[in-house]
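S.K.: Each chain, written out:
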Amino acid sequence: MSTPVVQYVLPARVVSRADMTRLIRELETVDNELEQQKARHQGSSGHYQLPTLSQALSDFLTANKLDVGDDHVRLDLKAQLRKLKDHAPVLHMTFATEVDPESMQSITAWVRRELHPQALVSAGLQPSLVAGVYVRTPNHVHDLSIRSFMKDSRKLIVEALDQLKEPAV
Amino acid sequence: MTIWWLSFIIGSLVAVLLGFVWIAVKLGGLQDGGAKSKGGKKGKSVADLDKAYSDMAEEDVNHLFNKEFREELRNRGRLRFERIIDDNAMFLKQDLDMTMSQINEYMKEQISAKLNTEFANYSKAMSEAQELTIAVLQKTADDLQQQRQALSESMKKGMTAHEANMMKNFETNMAQVVEHYVMQSLGEQFDMRAQLPYIMKQMEDHKKEMLEDMLL
Numbered sequence: 038m039s040t041p042v043v044q045y046v047l048p049a050r051v052v053s054r055a056d057m058t059r060l061i062r063e064l065e066t067v068d069n070e071l072e073q074q075k076a077r078h079q080g081s082s083g084h085y086q087l088p089t090l091s092q093a094l095s096d097f098l099t100a101n102k103l104d105v106g107d108d109h110v111r112l113d114l115k116a117q118l119r120k121l122k123d124h125a126p127v128l129h130m131t132f133a134t135e136v137d138p139e140s141m142q143s144i145t146a147w148v149r150r151e152l153h154p155q156a157l158v159s160a161g162l163q164p165s166l167v168a169g170v171y172v173r174t175p176n177h178v179h180d181l182s183i184r185s186f187m188k189d190s191r192k193l194i195v196e197a198l199d200q201l202k203e204p205a206v
Numbered sequence: 074m075t076i077w078w079l080s081f082i083i084g085s086l087v088a089v090l091l092g093f094v095w096i097a098v099k100l101g102g103l104q105d106g107g108a109k110s111k112g113g114k115k116g117k118s119v120a121d122l123d124k125a126y127s128d129m130a131e132e133d134v135n136h137l138f139n140k141e142f143r144e145e146l147r148n149r150g151r152l153r154f155e156r157i158i159d160d161n162a163m164f165l166k167q168d169l170d171m172t173m174s175q176i177n178e179y180m181k182e183q184i185s186a187k188l189n190t191e192f193a194n195y196s197k198a199m200s201e202a203q204e205l206t207i208a209v210l211q212k213t214a215d216d217l218q219q220q221r222q223a224l225s226e227s228m229k230k231g232m233t234a235h236e237a238n239m240m241k242n243f244e245t246n247m248a249q250v251v252e253h254y255v256m257q258s259l260g261e262q263f264d265m266r267a268q269l270p271y272i273m274k275q276m277e278d279h280k281k282e283m284l285e286d287m288l289l
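Taken in sequence, the protein lines are chains A and B.
For the record, in the first sequence the residue sitting at position 30 is 67 according to our numbering, with numbers rising by one throughout.
For the record, in the second sequence the residue sitting at position 215 is 288 according to our numbering, with numbers rising by one throughout.
One chain only, chain A, in its complex shape (with noise of 0.2 angstroms):
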């Protein structure tokens, strides 16, 4: 019997699967630090020397309130994260230009915030759309670039080239 994955926080730098599993790495390296302080006998008191966190899991950290000093915790987050990383839903969308980190975080914020909080993203180029983006959901796919939009607009050019057909009045 599998326990109910946790509703973390994922904060806005984790976009992707890839930064989760880069969060998950970073995590599984902070525990072997620690585990080899607590060989050392460094940690016995319980005060171990963090390494330094990258900004990611500093955020998660922060985000979800958990002490990443507390072996449990870690055990417990390392588990959860893993599970979290195969169930996300993830949510494919493609670009017509290159992404900045800043539009991709604001699109990301607005995904949690409005579909699901643990939602990943995943970004493709595709420069045929113009402009827009083509989401692809766990079962369904949205083309909201201006090619489809313009193709859905076909018909108004046909109409336009059929009224220049008719002789003036």
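Warning: the hint list may mix true and false statements.
Claimed, not checked - Listed below are the simulated DSS-like cross-link pairs for lysine-lysine, each with C-alpha atoms no more than 25 angstroms apart in a straight line:
#1 B:K197 - B:K187
#2 B:K280 - A:K122
#3 B:K241 - B:K229
#4 A:K188 - B:K281
#5 B:K241 - A:K192
#6 B:K140 - B:K124
#7 A:K188 - B:K280
#8 B:K140 - B:K99
#9 B:K274 - A:K192
Said to hold, decoys possible - Covered stretches of chain A, going by a simulated chain B footprint (3 or more residues, C-beta under 8 angstroms):
#10 129-142
#11 151-163
#12 178-187
Since the hints were derived computationally from the structure, they do not count as laboratory data.
For clarity, every value in this text was computed on a predicted model and none was experimentally measured.
Just so you know, even glycine gets a beta-carbon here, dropped at the ideal spot from N, CA and C.
Position chain B relative to chain A; hints supplied.
M.R.: Coordinates of chain B only, in the frame set by chain A:
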């Protein structure tokens, strides 16, 4: 004709010679006859007389037909003979000229007739060849005209069909062409920050569908 004229000339010469011979014989006969008629009447005197007459006659002959007279006769005969020869030569020349002219006329007629016949045949053959060539050319021109008409109609049909097809394709693909043009024109113009409001608005509009899908 030449042989006849030559025979005539020779005959004339022979006749003149015979005339001279006849005159000489006649004169000789007259001389002999006179001597015979006088011989019976008187014997010796007759003979003498005859001799005297003969001498006289001979003398007269020599007197009448003396050297100048004979020469005169000879000259006259020569002149006569020359005149006859000239006349005959003139006749011969005239006949020859006439013959030559006749021969020329005959040759002209024959050659003209032959040439006319040959020309007629040649002209007929040329005319037939010309008619045949004209017929062949006419047939070729008709065939070409028919082929040209067929080709023209075929090309016209093809052009009409092609034009209709192009118009159909144009009408069908015009929107796609415009869309492609707009895409190519605007594709590089929007950066992400410019697109972000549009993206957020579109996602907001489709939030409900995405939310339902995420919560499944």
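S.K.: Would you mind marking each hint as holding or not holding in the structure?
M.R.: Outcome of the hint check:
{"no.": "1", "hint": "B:K197 - B:K187", "in the structure": "holds, 15 angstroms"}
{"no.": "2", "hint": "B:K280 - A:K122", "in the structure": "holds, 23 angstroms"}
{"no.": "3", "hint": "B:K241 - B:K229", "in the structure": "holds, 18 angstroms"}
{"no.": "4", "hint": "A:K188 - B:K281", "in the structure": "holds, 23 angstroms"}
{"no.": "5", "hint": "B:K241 - A:K192", "in the structure": "holds, 15 angstroms"}
{"no.": "6", "hint": "B:K140 - B:K124", "in the structure": "holds, 23 angstroms"}
{"no.": "7", "hint": "A:K188 - B:K280", "in the structure": "holds, 22 angstroms"}
{"no.": "8", "hint": "B:K140 - B:K99", "in the structure": "holds, 20 angstroms"}
{"no.": "9", "hint": "B:K274 - A:K192", "in the structure": "holds, 24 angstroms"}
{"no.": "10", "hint": "129-142", "in the structure": "holds (count 7)"}
{"no.": "11", "hint": "151-163", "in the structure": "holds (count 4)"}
{"no.": "12", "hint": "178-187", "in the structure": "holds (count 5)"}
Taken one by one, the earlier hints all hold for this structure without exception.
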